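Go ahead and model the full structure; you've got the sequences and the hints to work with.
Taking the UniProt record's numbering, the leading residue of the sequence shown gets 1, the next gets one more, and so forth.
These aren't lab readings, by the way, just hints derived from the structure by calculation.
Label-pair distances were calculated between CB atoms; the ranges are: (1) L108 / P61: 27 to 37 Å; (2) T173 / P141: 16 to 26 Å; (3) I80 / R8: 20 to 30 Å; (4) P61 / F18: 46 to 56 Å; (5) T79 / K38: 21 to 31 Å; (6) H26 / A177: 37 to 47 Å; (7) I137 / V174: 17 to 27 Å; (8) S23 / G73: 36 to 46 Å; (9) V100 / S55: 40 to 50 Å; (10) R31 / S7: 28 to 38 Å; (11) Y60 / S7: 41 to 51 Å; (12) G46 / L84: 11 to 21 Å.
Model, not experiment: these values are computed from the prediction.
From the three backbone atoms N, C-alpha and C, an ideal C-beta is built for every residue, glycine too.
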Amino acid sequence: MPSPRVSRFFNQVDQAEFALCRSINHGLRYRPALSLFKVVSRLGDGWLWYALILSLPLIYPGQGLAIALLMTGSGLACTITYKLLKRWLVRERPFISFPVIHCGTPPLDRYSFPSGHTLHAVCFTMVLALTLPALAILILPFTLAVAASRVVLGLHYPSDVLAGAVIGGVIGTVATAWGLEALLGSV
1 MPSPRVSRFF
11 NQVDQAEFAL
21 CRSINHGLRY
31 RPALSLFKVV
41 SRLGDGWLWY
51 ALILSLPLIY
61 PGQGLAIALL
71 MTGSGLACTI
81 TYKLLKRWLV
91 RERPFISFPV
101 IHCGTPPLDR
111 YSFPSGHTLH
121 AVCFTMVLAL
131 TLPALAILIL
141 PFTLAVAASR
151 VVLGLHYPSD
161 VLAGAVIGGV
171 IGTVATAWGL
181 EALLGSV
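Here it is in structure tokens:
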């Protein structure tokens with residue numbers, strides 16, 4: 001259960017972001033946009049990342065296994081971090097707090113802050129940017145689409161996405177700095 005101070009803070013931020021959320025969420029009125037963001041969101045559930053992690057050792061025989069292990073470890077750190085934050089901060093999703101915001105796809109969990117999809121996408125993209133920059137450039141549009149999908153689908157506030165991006169970027173950077181040399185030395 002969050003403290004009353006945290007609840008008040010999120011209530012104020014929710015009110016401040018409502019108009020922007022509603023405006024972005026209107027993208028659901030366009031069937032192609034809804035279909036695109038539903039697919040992006042589903043792939044962002046982990047499917048694209050799992051496929052990428054499994055394929056890295058095949059595509060990059062020299063360092064692919066080390067990078068795949070690094071992505072796996074940083075992904076676990078992301079999962080633990082966002083689950084703890086969601087449990088502690090308990091911010092309701094926009095479509096729950098504001099019924100005029102439509103939910104484009106069912107959420108994977110109840111709470112909103114931070115965006116776990118964005119956190120993972122930015123973390124993995126950061127790991128790739130620091131290890132395989134050419135691949136990171138190819139993945140970047142998907143990462144941006146994942147972040148956008150969370151707000152378009154009514155699942156997150158922009159601040160949830162921003163927080164997820166910052167936390168994911170930090171985890172990806174730290175994991176790469178700490179883990180890459182050890183992994184490359186052992187693989």
